[in-house]
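Peer 1: Residue numbers (the UniProt record's numbering), protein chains in the order written: chain V, 1 to 208; chain H, 1 to 322.
Simulated from the structure, these hints should not be mistaken for lab results.
There may be inaccurate statements among the hints.
[Unchecked claim] Stretch by stretch, here's where chain V covers chain H in the computed footprint (C-beta under 8 Å, at least three residues):
no.	region
1	23 to 36
2	126 to 132
3	136 to 148
4	294 to 308
[Said to hold, decoys possible] Below 35 Å or equal to it, Euclidean Cα-Cα: the simulated DSBU-like pairs (lysine-lysine) are:
no.	chain 1	residue 1	chain 2	residue 2
5	H	Lys318	H	Lys31
6	V	Lys185	H	Lys318
7	H	Lys136	H	Lys31
8	H	Lys64	V	Lys185
9	H	Lys64	H	Lys136
10	H	Lys297	H	Lys136
[What the hints assert, rightly or not] A few chain H residues that don't get close to chain V, going by computed Cβ distances all over 12 Å:
no.	residue
11	Met43
12	Phe61
13	Pro99
14	Thr169
15	Gly315
Think of the CB as a built atom: it goes at the ideal place given N, C-alpha and C, for glycine as much as any other residue.
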Amino acid sequence: MNLAAAAPLADAAHAPHGFLSPTGVEIAFLLVGLATLGAALVTVTTRQLVHAALWLVVALGGLAVEYLLLTAEFIAWVQVLIYVGSVVVLLLFGLMLTRAPIGRSPDADSGNRWAALAVAIASAVALVWVVVDAFRTTWIDLDGPAAGSTRVTGASLFRHWVLPFEALSVLLLAALVGAIVLSRKAKADTAPGPSADLDVPGEKEGAR
Amino acid sequence: MNDALDVALRLLAVFVVFLTFPLIVGQTEHKVMAHMQGRLGPMYAGGFHGWAQLVADGVKFAQKEDVVPAGADRRVFQLAPAVALLPYLLVLLAIPIGPSEGAVGQVLDAGVFFVLAVMGVGVLGSLMAGWASANKFSLLGGLRTAAQLLAYELPMLLAAASVAMAAGTVSLPGILHAFHWWWVPWQIVGAIVFFVAGLAELQRPPFDMPVADSEIIFGAYTEYTGLRFALFLLAEYAGIVVLCGLTTVLFLGGWHGPWGADGLGWVWTLLKAAILAFLVIWLRVTYPRLREDQLQKLSWTLLVPLSLAQIALTGIVKVVIS
């Protein structure tokens, strides 16, 4: 997911206007993109579970900086609020509740890493293709009024994209209700123990 | 050159506030707590009523050996205090204390989201500390911190969203420019929810279950000594300053007040924040610690519904008056 999200951003920076006269913002964008990509790679390759979660913070924070560089201030802070502030905290909470040894976790390796790699590369290629194809000649004017300010974002979200927005919120509501149903069912089936509590963080994380 | 100087001066001013205000709150806490408990508190350091006690404490912390436990995850352990402290420095940048351009570190378009997002990051420091210490008490403290953050982030955000709805903007100076006196009774429920949830996020008594010194020995900070421990303490008091400043700006009208427009607005901001800080100390002396289940129950069954009701009220009033 991060890998896929970071790659198109790094590509989009220099696609339209060529490399020969990059501005300071473009250079910063590219460097932050590379750092984000690196952090995302470390997240999926490190053998230490909690370190993976902390590198995820770096990757998600890097994405927020990219949004900032594109003047989308509102999106950037929401990214930090939701992903760094809540999702990663939820993740760390789940890790601490279950098993998070200091040092390597040898049993945390999965047998289908090659399949996962294939899926990741496929989705990355698809996303890069779509983004590059869609925004090939689009150029954000960074000197004018901010194109991603809260006012602009809110107006376009609630004027042009109301239907997808509402559909998404119904989807999230369904996921939330589903999570509650699942966790209550698990509690009724088995004795209330740590496993029953663990269902909730996992489901909520999916819902977000 | 002039711009660079301006930026440097602003950063310097914010940094000075960041270094002095938490110490003032800490010293006030020493003295107020002492007098509420029929003691005198620090009396010797510095001569006059022990005013230099915290300076002496700082010197003591700096002299102590910086110990990292053998089984700890060194890098995460050493990084945690910085992650806990720096967000509050960043938040201070965005809090306006007066109506003029020069009275705020940096005007942000999405100020409310910025401050809430960055304050949430600070809790990661406690989590990192709790996990990396290789100590059962620390891990318990970290777990409780995470559970508490997840419970109280939502009502805090909803209460702040209510004010943003009322003002029609998410910029902190913008909210204050739109402020009228009758907002205080209108948003009072949201204000209380915000303040209580903020106290819980700072893990101040009565919400100090994650650090509960008599049960789990200061939770995530058990293994810390010297300067790093002092940084965690500084983060707590900087958090009080930030929370009181934010509550003042969002709900109590910041610089608005008699003669507030005549250049004395900053006095009002500081006065209101100081009263709130006193309230924080008062609560610490007054109430016993909440149990973990009581803590969760308070958030999910009381604060979240209250903040939702406040949002509904804000929406109705907003539609009626527009």
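Peer 1: All hints are to be evaluated individually against the structure, with a verdict given for each.
Peer 2: Verification of the supplied hints:
Interface restraint, the region 23 to 36 of chain H with chain V: violated (0 residues with C-beta to C-beta distance below 8 Å; minimum three). Only residues whose C-beta sits within less than 8 Å of a C-beta in chain V count toward coverage, and the region 126 to 132 of chain H has 5 of them, enough to reach three; the restraint holds. For the region 136 to 148 of chain H, the stated coverage by chain V is satisfied: 5 residues place a CB nearer than 8 Å to a CB of that chain, which reaches the threshold of 3. Check on the region 294 to 308 of chain H: 0 of its residues sit with their Cβ under 8 Å from a Cβ of chain V, so the three-residue criterion for coverage is violated.
With a CA separation close to 44 Å, the supplied pair Lys318/H and Lys31/H exceeds the 35 Å bound. Annotation: proposed proximity of Lys185/V to Lys318/H is violated, straight-line Cα distance about 42 Å (limit 35 Å). The hinted pair formed by Lys136/H and Lys31/H meets the criterion: a straight-line CA distance of about 34 Å does not exceed 35 Å. Annotation: proposed proximity of Lys64/H to Lys185/V is violated, straight-line Cα distance about 53 Å (limit 35 Å).
Note on Lys64/H and Lys136/H: the hinted pairing holds, with a Cα-Cα distance of about 24 Å set against a maximum of 35 Å. Using a Cα cut-off of 35 Å, the hinted pair Lys297/H and Lys136/H holds, with the two alpha carbons roughly 25 Å apart. Even its closest Cβ contact with chain V, about 42 Å, leaves Met43/H beyond 12 Å, as expected for a residue assigned away from the interface. Against chain V, the non-interface label of Phe61/H holds: every CB pair exceeds 12 Å, the least being about 26 Å.
Pro99/H, annotated as away from the interface, keeps every beta carbon of chain V farther than 12 Å; the closest lies near 21 Å. Residue placement check: Thr169/H does not keep its beta carbon more than 12 Å from all beta carbons of chain V (closest about 8 Å). The Cβ of Gly315/H sits about 14 Å from the closest Cβ of chain V, beyond the 12 Å cut-off, so the non-interface label holds.
Against the hints set out earlier in the document, violations occur for numbers 1, 4, 5, 6, 8, 14.
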